[in-house]
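Trainee: So you can see what is in the structure, the chains are spelled out below.
There are 2 protein chains.
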Amino acid sequence: MSARILVVDDILPNVKLLEAKLSQEYYDVLTAMNGPDALKKVEEESPDLVLLDVMMPGMDGFEVCTRIKQNPATAHVPVVMVTALTDSVDKVRGLESGADDFLSKPINDVALLARVRSLVRLKMSTDEWRVRENTATQLGVVDESANVMEQSAEKANILIIEDKDFELNKMKQTLMQDHDLVQGVSNGPEALSLIKSQDFELLIVSLNLASEDGLRLCSHLRSNERTRSIPLVMVAGQEDMQRVAHGLEIGAHDYILRPVDRNELLARVRTQIRRKRFQERLRSTYEISLSMALTDSLTGLYNRRYLEVHLEKLLEKNIESKKALAVLMMDIDFFKAVNDTHGHKAGDEVLQTFAQRMKDGLRSFDLVARLGGEEFVAILPDVTTERAYMIAERLRRAIEELPFKISGPAGAISVTTSIGATIITADQPNVSVYTSLERADKMLYDAKAGGRNCVIFEGKGKLDPEEFKGAERRVIE
Amino acid sequence: MSARILVVDDILPNVKLLEAKLSQEYYDVLTAMNGPDALKKVEEESPDLVLLDVMMPGMDGFEVCTRIKQNPATAHVPVVMVTALTDSVDKVRGLESGADDFLSKPINDVALLARVRSLVRLKMSTDEWRVRENTATQLGVVDESANVMEQSAEKANILIIEDKDFELNKMKQTLMQDHDLVQGVSNGPEALSLIKSQDFELLIVSLNLASEDGLRLCSHLRSNERTRSIPLVMVAGQEDMQRVAHGLEIGAHDYILRPVDRNELLARVRTQIRRKRFQERLRSTYEISLSMALTDSLTGLYNRRYLEVHLEKLLEKNIESKKALAVLMMDIDFFKAVNDTHGHKAGDEVLQTFAQRMKDGLRSFDLVARLGGEEFVAILPDVTTERAYMIAERLRRAIEELPFKISGPAGAISVTTSIGATIITADQPNVSVYTSLERADKMLYDAKAGGRNCVIFEGKGKLDPEEFKGAERRVIE
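Order-wise, the sequence lines are chains A and B.
Position 21 (the first sequence) corresponds to 30 in the numbering used here; numbering is contiguous.
Position 43 (the second sequence) corresponds to 52 in the numbering used here; numbering is contiguous.
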C-alpha cells in the first residue's frame, strides 16, 4: 500500500539515504531536518508514518515524538524512531514517549520495509473510523473524540504461547506488573482451545516453538475470525529477522527480539493494548450512534422510528404464526398540568418513571416505545385476548397504584394513564402499521372522553378493573 | 495479511499444487473438489477469497461464481477464476459472472500472490463496514443491506492517463458505451490538476508512459488523500508482470494487459465501479445513522439531543463574542384538538408545515429543534434585542397568516402559536442550557395563560404586533 512518509533527521545524507530507499518502494516521501519543522509538517501534511531520528540538536526525537502523541490532531500518526543508540534504556524511553517502534542504525532494510508496510496498513484501517468519530463528536453523538494515547494500557488479559519454561515465566512475571491475567501455554492447539472460551486483548507468540511453526500459528490466528482483531506480538531470535518480516506481512503487529528486555516488553505490550482499545472505542461510537437513532434520549425507550419498522415485522410474523398481537396506545392523563404546576423537570421525571413502570410490567419480548410527548405504545406479540386484557390492566394499575416521586416541594404526585387498545388476529391479514396504531388511538380517544384512567379495547369496551384483579397472577406468570 | 482461501478444482494434483503454494505463504487453505461442495464451504466457512477452476464436471466454475455472487450472504467474497482457457470470451464471461479476476494456467506465481494479497486487503477493509451495515439493517436504520452485485456499474466519471493516442481513443470509445464521462490525459501533472476539480469514480493508468514512471504516479494517487479511495486500474504490456505485481502491492485495484480487449476492459471497469459504489453505500449508512440520531423523523428538524449539545456551545460562544442570544420556546395552540378532530395524520401534517415555516422564517445560522409533541425551540445567536423581537413576531405571524393544508374533509385549518422568549446577554455568564430553556418556557406559560397567539419576552412582556408590522422588512433584510 502506498503512503506518505515523513523522514526526520538533522544530517542530510541520512535523510537522502532513507528517502531513496522509500522512494524506490514507491512511497511518497516528505522530509524535515529539525524538530520544530517536523512538528509543523506532521500537523500540516498529515503523513501516514514518521521516521524520526533521536539525536538532533535543539529538540530531540523523544521530545518530537511526545509532542506528536500529545496533540489530539496528530496522536494517531505512527512514529518509528531511528537511532544509533542501542541501549535498551533509550529504546524503552522512545517507546514510552509513544513511538510505535524503535529501529537501530545501520537500518536493516528488510526490517524497515516490513515495519513500514505493517504500520501503514494499520493506520489506513483505523483512519476511516477516526474521521467518522470526529464527525460524531462534532455533532454531539459522543462527548469527546477518542485519543489513542489516552486509552488505558493496563489490566489486560494476555495469552503467551512459548514452550521454553524459563522464557515463559520471565514474560509472565514481567507482564503481571501491569496486567491482571497473564496466561501461558506451550503450543498452538492449547492456545486455540483457550481462545474459544476467553477474550484476550493481546497474544504473544514465540517463533521458536519446537513442535510447530510459530509463524504458521500467527497466520492461523490472523485469519481466524475470532482472533483476527487481537494484536499479536512475536518473540524471536536475532537470527530470525526474515521470519519476523514475514510475520509482519502476515499481519502480526509487533515483535521483540531475545533476550527479551523486561522494560521493552512492557512498553511494546502497552502500545498494542492502547491501540486495540482505541480501535474498540472507535467502533463503539458507531454502535452508540445507531442506538441513539432508535431510542428516545429522555426515557431510553425505543422511538417512533424503531416502533414503525418493528411493528411492520411483527405484523408479518403475526400472520405467519397465526397468533394474535395487541397494540396498546397509552397517554398520561393531564400531563400538561404536571409541567405547568411542577415545572418541566418534574414532567421529565414523570415520563422517566412512567417508562420504567411500562418496562417492568411487560414481558421481555414485548416492545414499548415513546411516540413523543406523553404518548407511549406497547406491542404485545403472541397473546391471547384474555392475556392482553390482563397486561393492559396491570399497566394501568402500575401507574395509579404508587405516587410518582418528583423534585421540588410536592415530593410526589399521583399520576394516571388512559389506554386504548386493539388486537390484530391472523385473520386480519392486511392491517398496516398505520391502521393498527390508528385503531388503538381511536380507543385511546374514547378512554380519554370516557373519564380517563381506564383501558378500552376495540370491540370489548372499557375493562372492569374488578374483573381482572384476582386473575392476573395466575395467568401472567 | 493472512487469510482463509478456498481452492476449488476437480483435479486433485491441481488442488494440491495451489494449496502448497498458498500454504507456503502462510495462508490458511480450505479445499473443495466440485461446485456444490464449494458453495457449501463458501457459505459455512466464510473464506476471504475463492480460487475457482472453470472446467469442472457437473456445475462449472461460471455457475459456481454466479451463485456465490447472487447469494447476499456470500456476494462480498472475492472470486478469482483459474483456467486453461485463454479465449478472451471465456475471460469476459468469468468477469461478467462476478469474478474479480481471471488467471490462466499455468499460473504465474507472482501474479497469483500479488492478486491474492490485493483482494484480501480490499475484503478486510470492507468487512467491518459490512458487518455494521447488517446491524443497521436489522435495527431498521436502513431499509435493506447493500449487496455489491446490485450496485449500478454504469454512468461513471472515468479518467484515463495514457500517452499513446491510439490506445487512449480505443479505451475512451469502448468505455463510452457504459459511461457518461470518459476523459483522457497524457501525463500525471494534467491528471492531478483535473482531479482537483472533478470527482472521478475510476482512474486508469498506463504503466508505459514515456515521460514518467506510471507506477510512481499510481503510488502518488494511492497516497494522496483526495484520490486514495478511487479505484485504480493499470494498463501494462505482457512483459510488465513484475511491475503490475508491484502496483497491486502499492494498492492498485486491477490491471489489464495489452492489447486491451474491449470486452475485458468493460467487464473489469464494471467490477471496480460496482465495488466502489458498494463501499460508498456502506459508508453512507453510517452518516444516515448519525443524522438519525440527531434529527426528528417527522419534521426533519434537529431533536432535543442536538439542541442541548449545541445550545451549550452557542452559550459559550455568546459570552466570548460579547453578543446576545435569544431563546424562543414555541408551542402550537390547541394542538390536541387538531389530533382529536382531524386525526393523527392531519396532526402530523400540521407539525410538518409548522416546521417548514419555522425554517423559512429563520436565518441560516439560527438553530431550530423539535423538543417533542407540539413544542419547538429556536435559538438565535448574535442578535440585538430589537431584531429578536422582530423575528419572533415574524414567526408568530407566519403561522397565523396562512391556513395549514391537511388531508381529510376540512382541507385546511387555522393554526396559531404561542412564543415565550428570553435574551441571554454576555453579562449573564453562568446561564446553563437548562436555565435558558426554563426561562423561555416560563414566558411561554405566560403567553398561553395570556390568551395564546402572542409573543412574550422576559423583561419586556407581550409584544404588540402593530408595533412590528412596518419595521420588519427594513431591519431583517
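To be clear, the hints were calculated from the coordinates, so they are not data collected in a lab.
Be careful, since some hints might not be right.
[Unchecked claim] Take a look, some chain A residues computed to stay more than 12 angstroms from chain B by CB distance:
hint	residue
1	D37
2	S127
3	E163
4	D187
5	D208
6	K345
7	D450
[As the list claims (entries may be wrong)] Now the in silico label distances, taken between C-beta atoms and shown as ranges:
hint	chain 1	residue 1	chain 2	residue 2	range
8	A	D136	B	D357	40 to 46 angstroms
9	B	A407	A	E163	57 to 63 angstroms
10	B	K164	A	E163	28 to 34 angstroms
11	A	S373	B	E159	48 to 54 angstroms
Model, not experiment: these values are computed from the prediction.
Each residue gets a CB set at the ideal place from its N, CA and C atoms; glycine is no exception.
Trainee: So, for every hint listed, does it hold in this structure?
Mentor: The hints, checked one at a time:
Distance to chain B contradicts D37/A as a non-interface residue, since its nearest Cβ pair spans about 5 angstroms, not more than 12 angstroms. With a least CB separation of 9 angstroms from chain B, S127/A falls inside the 12 angstroms interface cut-off, contrary to its annotation. Its beta-carbon lying about 26 angstroms from the closest one in chain B, E163/A satisfies the requirement of being farther than 12 angstroms from that chain. Listed as outside the interface, D187/A is consistent with that label: its C-beta sits roughly 28 angstroms from the nearest C-beta of chain B, beyond the 12 angstroms cut-off.
Look at D208/A: its CB is around 17 angstroms from the nearest CB on chain B, clear of 12 angstroms, so calling it non-interface holds up. Non-interface status of K345/A relative to chain B is broken: a Cβ of that chain comes within 12 angstroms, the nearest being about 9 angstroms off. Some Cβ of chain B comes within 12 angstroms of the Cβ of D450/A; the nearest lies about 6 angstroms off, and the non-interface call is violated. The hint said 40 to 46 angstroms for the Cβ distance between D136/A and D357/B, and at roughly 42 angstroms that hint holds.
For A407/B and E163/A, the Cβ-Cβ distance of about 59 angstroms falls inside the hinted range of 57 to 63 angstroms, so the restraint holds. The given range of 28 to 34 angstroms is broken by K164/B and E163/A, whose C-beta atoms sit roughly 54 angstroms from each other. Range check, S373/A to E159/B: about 36 angstroms between beta-carbon atoms, so the 48 to 54 angstroms window is missed.
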